[in-house]
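Colleague: Single-letter residue listing:
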Amino acid sequence: MEKDLTEFVMSLVVDSVAKNFERFPALNGVSLTVPQGAFLALVGPSGSGKTTLLRILGGLEFPDSGTVRFADINWLEVPARQRRAGFVFQQYALFKHMTVEKNIAFGLTVRPRHERPAKKEIHRRVEELLALVQLEGLGKRYPNQLSGGQRQRVALARALAIEPRMLLLDEPFGALDAKVRKELRVWLRALHEKMGITTVFVTHDQEEAFALADLVAIMNKGRIEQYGTPADVRRSPKTPFVAEFLETGPQRNGLLPPHAVGSHPA
Amino acid sequence: MKRRYPTQDHPLLRLLLTVIAVSVIGLFLLLPLATVFSQALSKGVVAALEALKEPDARSAIWLTLLVAAIAVPLNAVFGVAASWAIAKFDFRGKQFLTTLIDLPFSISPVVSGLIYVLIFGLQGWFGESLRDANIKIIFALPGIVLATVFVTFPFVARELIPLMVDQGRDEEEAATSLGASGWQTFLRVTLPNIKWGLLYGVLLCNARAMGEFGAVSVVSGHIRGLTNTMPLHVEVLYNDYQYVGAFAIASVLALLAIVTLVLKSLLEWHFADEIAATHRH
Amino acid sequence: MNVAVSRWRNPSALPGFGLSLGFTLFYLSVIVLIPIAALIIRPWSAGFSGFWHVLSDHRVLAALRLSFGGAAIAALINAITGPIIAWVLVRYSFPGKRILDALIDLPFALPTAVAGIALSTLYSTNGWLGEPLSHLGIRVAYNPLGVVLALTFIGLPFVVRTIQPVLTDLSREPEEAAATLGASRFQTLTRVVLPSLMPALLTGATLAFARAVGEYGSVIFIAGNIPAVSEIAPLLIIIKLEQYDYAGASAIGVLMLGASFVLIFALNLLQNWIGERR
Numbered sequence: 000m001e002k003d004l005t006e007f008v009m010s011l012v013v014d015s016v017a018k019n020f021e022r023f024p025a026l027n028g029v030s031l032t033v034p035q036g037a038f039l040a041l042v043g044p045s046g047s048g049k050t051t052l053l054r055i056l057g058g059l060e061f062p063d064s065g066t067v068r069f070a071d072i073n074w075l076e077v078p079a080r081q082r083r084a085g086f087v088f089q090q091y092a093l094f095k096h097m098t099v100e101k102n103i104a105f106g107l108t109v110r111p112r113h114e115r116p117a118k119k120e121i122h123r124r125v126e127e128l129l130a131l132v133q134l135e136g137l138g139k140r141y142p143n144q145l146s147g148g149q150r151q152r153v154a155l156a157r158a159l160a161i162e163p164r165m166l167l168l169d170e171p172f173g174a175l176d177a178k179v180r181k182e183l184r185v186w187l188r189a190l191h192e193k194m195g196i197t198t199v200f201v202t203h204d205q206e207e208a209f210a211l212a213d214l215v216a217i218m219n220k221g222r223i224e225q226y227g228t229p230a231d232v233r234r235s236p237k238t239p240f241v242a243e244f245l246e247t248g249p250q251r252n253g254l255l256p257p258h259a260v261g262s263h264p265a
Numbered sequence: 000m001k002r003r004y005p006t007q008d009h010p011l012l013r014l015l016l017t018v019i020a021v022s023v024i025g026l027f028l029l030l031p032l033a034t035v036f037s038q039a040l041s042k043g044v045v046a047a048l049e050a051l052k053e054p055d056a057r058s059a060i061w062l063t064l065l066v067a068a069i070a071v072p073l074n075a076v077f078g079v080a081a082s083w084a085i086a087k088f089d090f091r092g093k094q095f096l097t098t099l100i101d102l103p104f105s106i107s108p109v110v111s112g113l114i115y116v117l118i119f120g121l122q123g124w125f126g127e128s129l130r131d132a133n134i135k136i137i138f139a140l141p142g143i144v145l146a147t148v149f150v151t152f153p154f155v156a157r158e159l160i161p162l163m164v165d166q167g168r169d170e171e172e173a174a175t176s177l178g179a180s181g182w183q184t185f186l187r188v189t190l191p192n193i194k195w196g197l198l199y200g201v202l203l204c205n206a207r208a209m210g211e212f213g214a215v216s217v218v219s220g221h222i223r224g225l226t227n228t229m230p231l232h233v234e235v236l237y238n239d240y241q242y243v244g245a246f247a248i249a250s251v252l253a254l255l256a257i258v259t260l261v262l263k264s265l266l267e268w269h270f271a272d273e274i275a276a277t278h279r280h
Numbered sequence: 000m001n002v003a004v005s006r007w008r009n010p011s012a013l014p015g016f017g018l019s020l021g022f023t024l025f026y027l028s029v030i031v032l033i034p035i036a037a038l039i040i041r042p043w044s045a046g047f048s049g050f051w052h053v054l055s056d057h058r059v060l061a062a063l064r065l066s067f068g069g070a071a072i073a074a075l076i077n078a079i080t081g082p083i084i085a086w087v088l089v090r091y092s093f094p095g096k097r098i099l100d101a102l103i104d105l106p107f108a109l110p111t112a113v114a115g116i117a118l119s120t121l122y123s124t125n126g127w128l129g130e131p132l133s134h135l136g137i138r139v140a141y142n143p144l145g146v147v148l149a150l151t152f153i154g155l156p157f158v159v160r161t162i163q164p165v166l167t168d169l170s171r172e173p174e175e176a177a178a179t180l181g182a183s184r185f186q187t188l189t190r191v192v193l194p195s196l197m198p199a200l201l202t203g204a205t206l207a208f209a210r211a212v213g214e215y216g217s218v219i220f221i222a223g224n225i226p227a228v229s230e231i232a233p234l235l236i237i238i239k240l241e242q243y244d245y246a247g248a249s250a251i252g253v254l255m256l257g258a259s260f261v262l263i264f265a266l267n268l269l270q271n272w273i274g275e276r277r
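Chains as they are written, first to last, in numbering that gives the first Met the number 0: chain A, 0 to 265; chain B, 0 to 280; chain C, 0 to 277.
Rather than coming from a laboratory, the hints here were simulated on the basis of the structure. Be aware that a few hints might be false.
Keeping only pairs whose Cα atoms sit at most 35 Å apart, straight-line, the calculated DSBU-like set for lysine-lysine is [to be verified]:
#: 1; chain 1: B; residue 1: Lys194; chain 2: A; residue 2: Lys101
#: 2; chain 1: B; residue 1: Lys263; chain 2: B; residue 2: Lys42
#: 3; chain 1: A; residue 1: Lys118; chain 2: A; residue 2: Lys101
#: 4; chain 1: A; residue 1: Lys220; chain 2: A; residue 2: Lys139
#: 5; chain 1: A; residue 1: Lys101; chain 2: A; residue 2: Lys119
#: 6; chain 1: C; residue 1: Lys96; chain 2: A; residue 2: Lys95
#: 7; chain 1: C; residue 1: Lys96; chain 2: B; residue 2: Lys42
#: 8; chain 1: A; residue 1: Lys95; chain 2: A; residue 2: Lys139
#: 9; chain 1: B; residue 1: Lys194; chain 2: A; residue 2: Lys118
#: 10; chain 1: B; residue 1: Lys263; chain 2: B; residue 2: Lys93
#: 11; chain 1: B; residue 1: Lys93; chain 2: B; residue 2: Lys194
#: 12; chain 1: A; residue 1: Lys193; chain 2: A; residue 2: Lys95
#: 13; chain 1: A; residue 1: Lys139; chain 2: B; residue 2: Lys42
#: 14; chain 1: A; residue 1: Lys178; chain 2: A; residue 2: Lys101
#: 15; chain 1: A; residue 1: Lys119; chain 2: A; residue 2: Lys237
#: 16; chain 1: A; residue 1: Lys220; chain 2: B; residue 2: Lys93
#: 17; chain 1: A; residue 1: Lys95; chain 2: B; residue 2: Lys194
#: 18; chain 1: A; residue 1: Lys101; chain 2: A; residue 2: Lys193
#: 19; chain 1: B; residue 1: Lys263; chain 2: A; residue 2: Lys119
#: 20; chain 1: A; residue 1: Lys237; chain 2: A; residue 2: Lys220
#: 21; chain 1: B; residue 1: Lys263; chain 2: C; residue 2: Lys96
#: 22; chain 1: A; residue 1: Lys193; chain 2: A; residue 2: Lys181
#: 23; chain 1: A; residue 1: Lys178; chain 2: A; residue 2: Lys220
#: 24; chain 1: A; residue 1: Lys181; chain 2: A; residue 2: Lys237
#: 25; chain 1: A; residue 1: Lys101; chain 2: B; residue 2: Lys263
#: 26; chain 1: A; residue 1: Lys101; chain 2: A; residue 2: Lys220
#: 27; chain 1: A; residue 1: Lys181; chain 2: A; residue 2: Lys95
#: 28; chain 1: B; residue 1: Lys135; chain 2: B; residue 2: Lys52
#: 29; chain 1: A; residue 1: Lys181; chain 2: A; residue 2: Lys220
#: 30; chain 1: A; residue 1: Lys95; chain 2: B; residue 2: Lys52
#: 31; chain 1: C; residue 1: Lys96; chain 2: B; residue 2: Lys194
#: 32; chain 1: B; residue 1: Lys52; chain 2: B; residue 2: Lys263
#: 33; chain 1: A; residue 1: Lys193; chain 2: A; residue 2: Lys237
#: 34; chain 1: A; residue 1: Lys178; chain 2: A; residue 2: Lys237
#: 35; chain 1: A; residue 1: Lys95; chain 2: B; residue 2: Lys135
#: 36; chain 1: B; residue 1: Lys93; chain 2: A; residue 2: Lys139
#: 37; chain 1: A; residue 1: Lys139; chain 2: A; residue 2: Lys101
Just chain A, with the same shape it has in the complex:
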């Protein structure tokens, strides 16, 4: 899994991004550079600002200061609907009143007429995506007729349908049980290998982050404590927080007793 980072074209550049909510600072000047095609995990305790950063990348939230550039364009100037950032929400945010097919096709059917693929083509793409996420034959179902893991994969297929320029996942496995979590994790990594899209993944589970990502950013109180490859971070934790996080992490996340994996609240 180790790759030579210099091979990547520098791609997503976050510089001194800060964001205050009414009472508390969510981000305190965050900077990082994510190479094209990398798989980045933002990991940290709740309230560390990781979801806020992800939502800024998706255009769902706006920083008070700082810049974000992607493929050398000012990413903050691009409205959410034009970013083509495939966003997978924590609670999936599937459209309850639409079938799985309609959910997946949504991003294609809302395109202006001249950009919109023909009906047949949309149908073909939906079938393709259903196969990719291993949900063949479930296209006519409604979200509430699916299991949590299936919904998760619909959300992913829906995000992939728009041929995203980056993939943003907010605690995508948070609501799933340990077994499904593990399966989806392997599957997601494989999918990433196949598609090669820059992926940013938010989790509070450091074991999950280290198992999946090319790069991890450990966040705490709106700052990045350490940023690097999982191996580097594990080898030399830079701050006491990181050291402690790595230490307490496995216990909390059930690395040692396998039956406890994912048993903590999402």
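Use these hints to put chains B and C onto chain A, whose structure you have.
Modeller: Just chains B and C now, with coordinates in the frame of chain A:
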């Protein structure tokens, strides 16, 4: 001995409370309703139907439908706009805005009519200029519509605001990040999610719009065949001792109320999750 | 580059903020705020003494006393029967319950004029209920008693509908705990259940009071409208308007509007209090 759970009431207490509740509802709510129909039919079905065919009665029915057809869509559009702004965005003064939207509920219907008389009446702000321009608002259709819009102002909004706040922004954000425009997001994602709540609000709004009496009474001028809505015509006939006619029209309004209650209950039973759970009116 | 941050709202990815809020504020101003402002500034042409002169009139005072007093008594009656009805509808099951439950909203749905003539007919001396009552020497119609009756009718759903959801969500565990601690069922009801319903009960009663104070349609038919005896304040506004006494009408109107504001404020305080208790 039959065992009783500690949270169960003694059978005698149970009986007593049930009798109280049933008799209050029966005597207080059901009996007045029964009176309406029995009085309307006291001279037979034919007499009641004849009363509804009177030209003044027909014009009152027509006016009531017309007023509701204007007032209800206006307030529905307002309700959707207000709840979109309040539920989907964060801004200062939101709580205050919500209180202001509820304001017409707490104001006496008569005062609701009065405020428009003070603006558009002959001695009102624009009274003389309106007279010179030969525009009639008070004692005419526009005044009746305005008063009706005022008293039914919050119905749709207050149903939709808690519902849309509850539903959150995830689905709309998902739609936006998938490239949908504002209207696409609203029509294809939001509207299907709020349609039953919207219908519920419209239903209550319409019942009040067709039945409003006090506010309309102030601005209408009670001109028979011209500015009398059904409730006003009921009053005119009743004060004229034309009881069959008064109660015949009252029966139509009572039927409207019953239909409203049935539809409302159906919506509550079948779509409990898709209408706001708040039972405040 | 910094994204501009406006201080009064958080930026959002969703569109339509300007349009929806703009329309909301415009419509609110035109329909509600400006007309209310027109009322508030109206009665002061003759200064405060002119305003006071209108309100201190014997007939006006009597009407205000009847509207506020009658509404208070009606709210009190509903504060007693409301919880009983809500309790029966939530905790017991019996045939026809759903229909009874739906009927609770009748005073909301039935046009007030219809309710007015129905109550008036029902309680007149030859009505279904008025006749037996008159044999007992009780006259309801054309009496202040009739006003209270109509105001009770109109306020009933407020109390029931405010308590019902609270009762439905109420956990049974405190009741079970009380039982294990040796409380009788009566003690449990009065000292455990009722206090937890108190905020909802107060809210419901206040809503019923607010509605009743300004009520017009359901009252005027049964009241008989005898000046200074059974004449309510909203009716007096209409009478003054018919006499082209705009200043008099708007003086009473402003007073009633002030009462509405006080009640809204009280309800907001109640809501905050409930919020803090949670």
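Colleague: What hints, given by number in increasing order, does this structure fail?
Modeller: Violated: hints 4, 13, 15, 19, 26, 30, 35 and 36.
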